[in-house]
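Protein chains: 2
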Amino acid sequence: MKALVYTGEKELTYIEDAEMPVLRDGEVMVRIDAVGICGSDLHAYLGHDSRRPAPLILGHEGAGIVCGADNAGNRDLDGQAVVINPLVSCGHCSACRTGFENQCGAREIISMAPRQGAFAEYVAIPKRNLVPVPEGMSMTTASLAEPIATGWHAVTKGAKLITRPLVESKALVYGGGAVGLAAALSLHAQGCRQIFLAETNELRRETVKSAGICTVFDPLTNPLVASNAIDLVVDCVGNKHTRMGSSDAVKPGGVIVHVGLQDSIEGLDVRKFTLQEVIFTGSYTYTMQDFHATVEAMHNGALGALDWIQERPLSEGADAFDDLLNGRIAAAKVVLRPEK
Amino acid sequence: MKALVYTGEKELTYIEDAEMPVLRDGEVMVRIDAVGICGSDLHAYLGHDSRRPAPLILGHEGAGIVCGADNAGNRDLDGQAVVINPLVSCGHCSACRTGFENQCGAREIISMAPRQGAFAEYVAIPKRNLVPVPEGMSMTTASLAEPIATGWHAVTKGAKLITRPLVESKALVYGGGAVGLAAALSLHAQGCRQIFLAETNELRRETVKSAGICTVFDPLTNPLVASNAIDLVVDCVGNKHTRMGSSDAVKPGGVIVHVGLQDSIEGLDVRKFTLQEVIFTGSYTYTMQDFHATVEAMHNGALGALDWIQERPLSEGADAFDDLLNGRIAAAKVVLRPEK
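Chains as they are written, first to last, in this note's numbering: chain A, 198 to 537; chain H, 198 to 537.
I should point out that these hints are in silico values taken from the structure, not numbers from a laboratory.
We treat Cβ as the ideally placed atom computed from N, Cα and C, and that holds for glycine.
Treat the hints loosely; a few may be bogus.
[As the list claims (entries may be wrong)] Computed list of lysine-lysine pairs in DSSO-like fashion (alpha-carbon distance at most 30 angstroms, straight line):
| id | chain 1 | residue 1 | chain 2 | residue 2 |
| --- | --- | --- | --- | --- |
| 1 | H | Lys-367 | H | Lys-469 |
| 2 | A | Lys-437 | A | Lys-357 |
| 3 | A | Lys-437 | H | Lys-437 |
| 4 | A | Lys-357 | H | Lys-367 |
| 5 | H | Lys-367 | H | Lys-199 |
| 6 | A | Lys-367 | H | Lys-357 |
| 7 | H | Lys-367 | H | Lys-324 |
| 8 | H | Lys-469 | H | Lys-437 |
| 9 | A | Lys-324 | A | Lys-367 |
| 10 | H | Lys-469 | H | Lys-324 |
| 11 | H | Lys-469 | A | Lys-357 |
| 12 | A | Lys-437 | H | Lys-469 |
| 13 | A | Lys-469 | H | Lys-469 |
| 14 | H | Lys-367 | A | Lys-199 |
| 15 | A | Lys-469 | A | Lys-437 |
| 16 | A | Lys-367 | H | Lys-469 |
| 17 | H | Lys-199 | H | Lys-537 |
| 18 | H | Lys-537 | A | Lys-469 |
| 19 | H | Lys-357 | A | Lys-357 |
| 20 | H | Lys-207 | A | Lys-469 |
| 21 | A | Lys-207 | H | Lys-537 |
| 22 | A | Lys-469 | H | Lys-199 |
[Unchecked claim] Here are some, though not all, of the chain H residues that point toward chain A, as calculated from beta-carbon distances under 7 angstroms:
| id | residue |
| --- | --- |
| 23 | Met-217 |
| 24 | Gln-459 |
| 25 | Ser-461 |
| 26 | Phe-470 |
So that you can see chain A by itself, here it is in the shape it has in the complex:
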């Protein structure tokens, strides 16, 4: 099959003879129609993710069509348009039993060994990881479900931890990429009416502004948010500077949800967290319930027009990575499309 393979630091190679994935029990093959590029793909491409050594097919934000039978011969999903939840959990540990499959100790994700990713014609995936694409939704839009579910999960987690409802609360989001924008859209959809979003890239700021649901600012030149003012911070960047900003902005008893993970050293104000009872929580991907809820919210219009996408052919994926790393793309999401 055709695939865009990460072959070494800052090197992506488009090939036409990649090995087909092999079906395990309960799995089907999905022919990929649209697959987004995630910040974690860029991170791996730069050689910064020890969990993703080359050679590897990256990509985990896929939508496509189920092809053929599962490995027991059942064709119940054959031809179905689906969004892929790329996180494969064991299904029977205490985390899975309590609906937190994303905390499963045996979890795997496509684009990390032993599973190849979705920058390819085909991906093998358990049937229980598939969500049908609703009537009328394009496959490109459907591929946004994964990053949006990440924002939706973070906001849902934060909303459970703050003292008062979102509609009474002030929220600050770091990052105007797909997850940051999705967090802002999820905050708005879940009732929040005072949303601030910090983004350093001017092109991205314009894209977020056009969604019309939050106050967008450049934290480097315009420290818009006062100290101790924010009920809920959703940090979709996750570096020392955003953690310092989060620590400063959060109010006593407030909540910081840490989603991004550019680095993991410094930036937290342990003294303030202790004396002011701040809650800091990590947020990793989504549960299957988040995935279903996200697709429904995308479908019913709660998350707006979802028009912040730029499409590229999979074969030109290397150029897209280069443009993204050099800040030349205004769209919050670049979606690659395998040639048919």
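We have chain A; now place chain H onto it with these hints.
What follows is chain H alone, placed relative to chain A:
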């Protein structure tokens, strides 16, 4: 009046002509009968707390008898035996309105300017900060309410954040002083049946063991707790080493409650917190509801015999500080008693 005054780094001076406190609106004078020494008093005594510069009367764990009228002439509490909640909040901000007076931005605490502390014959305190001492409880025991309420609050906060009930959960407490022991007793009283407590001082380990409610160990020589095994960590020490231990011990989706604050640099594993959705929260003192609930639990026997006290005369307070700092005291709490 008589008072033990912190007069400079590592210097406590017992004097007999300290100025009497002045009543503000709604306040009464309490003649102190018993007052515990807290780790934060030791911290200030060593010159490590910039919020508590000398000269200052330290001490905030007081119990005593209300003397006379409030400053409007009402004698409704005159002669009442009371425990003092030393945290004075504004009563009308959003934190106070939602029952989190401990997060009030205008909070004051006795033993920090402008309020003198309770290592003295008298303290001025708002009437709403007083809890009656139940029938049959000694004043020395009553003075434990403050450190126990700190542990009770931390455990109550942790219990709300963990996924499953305490009775299903494993808990780890760092520190076998009064707050650590109180946290373990509160965990037990609230239903937890798998409690581990780490303490480096052998004398203190023996005291905690005799309470009979938890497995006590020395974390320096006996790493009893496995990685990723604990649902709820209550860190009543709060230094780099206990934060590293907490980060390692906590399981995916688990909770760390940070109560102690020996230092505030390093020790948190931000990468694990993010990828494993660990919740880290600060815990500061207690609410008025925690204070009432604690006195009730002390009274009804839910917290055991409360016999881990050593009494000393207030005039010999300097020696008690010295013994505590040199680890020569097995009791989890030293209580000073002003001479009558």
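**Report entry** Given pair status - Lys-199/H, Lys-367/H, alpha carbons within 30 angstroms
**Finding:** violated (47 angstroms)
Query - Satisfaction of hint between Lys-357/A and Lys-437/A, Cα-Cα up to 30 angstroms - result: Between Lys-437/A and Lys-357/A the Cα gap is close to 25 angstroms, so the pair holds against 30 angstroms.
Query raised in the report: Straight-line Cα separation of Lys-469/A and Lys-199/H no greater than 30 angstroms?
Result: Roughly 35 angstroms between the alpha carbons, so the hint for Lys-469/A and Lys-199/H is violated.
Query raised in the report: Can the restraint linking Lys-367/A and Lys-357/H be considered satisfied, given a maximum Cα separation of 30 angstroms?
Result: holds (23 angstroms)
Requested in this report: Let me know if the C-beta of Ser-461/H comes in closer than 7 angstroms to any C-beta of chain A, holds or violated.
Outcome: holds (4 angstroms)
Query raised in the report: Given the hint that Lys-207/H pairs with Lys-469/A, does the C-alpha gap stay at or below 30 angstroms?
Result: Status holds; Cα separation ~26 angstroms.
Query raised in the report: Taken at face value, is the distance from the CA of Lys-357/A to the CA of Lys-469/H at most 30 angstroms?
Result: Distance ~21 angstroms between Lys-469/H and Lys-357/A Cα, so the pair holds.
**Report entry** Given hint Lys-469/H paired with Lys-469/A - CA-CA distance at most 30 angstroms
**Finding:** holds (21 angstroms)
Requested in this report: Compare the distance between the alpha carbons of Lys-357/H and Lys-357/A with 30 angstroms, and conclude whether the hinted pair is satisfied.
Outcome: Satisfied, since the Cα-Cα distance of roughly 11 angstroms is no more than 30 angstroms.
Report task. Classify the hint on Gln-459/H as holds or violated, based on whether any CB of chain A lies nearer than 7 angstroms to its CB. Result -> violated (11 angstroms)
Query raised in the report: Taking 30 angstroms as the top limit, are the C-alpha atoms of Lys-537/H and Lys-469/A close enough?
Result: With Cα atoms ~41 angstroms apart, Lys-537/H and Lys-469/A exceed 30 angstroms; violated.
Query raised in the report: Is the shortest C-beta separation between Met-217/H and chain A less than 7 angstroms?
Result: Hint on Met-217/H: violated, closest Cβ of chain A at ~30 angstroms, above 7 angstroms.
Hints 5, 7, 9, 10, 14, 18, 21, 22, 23 and 24 from the list above are not met by this structure, while the remaining hints are.
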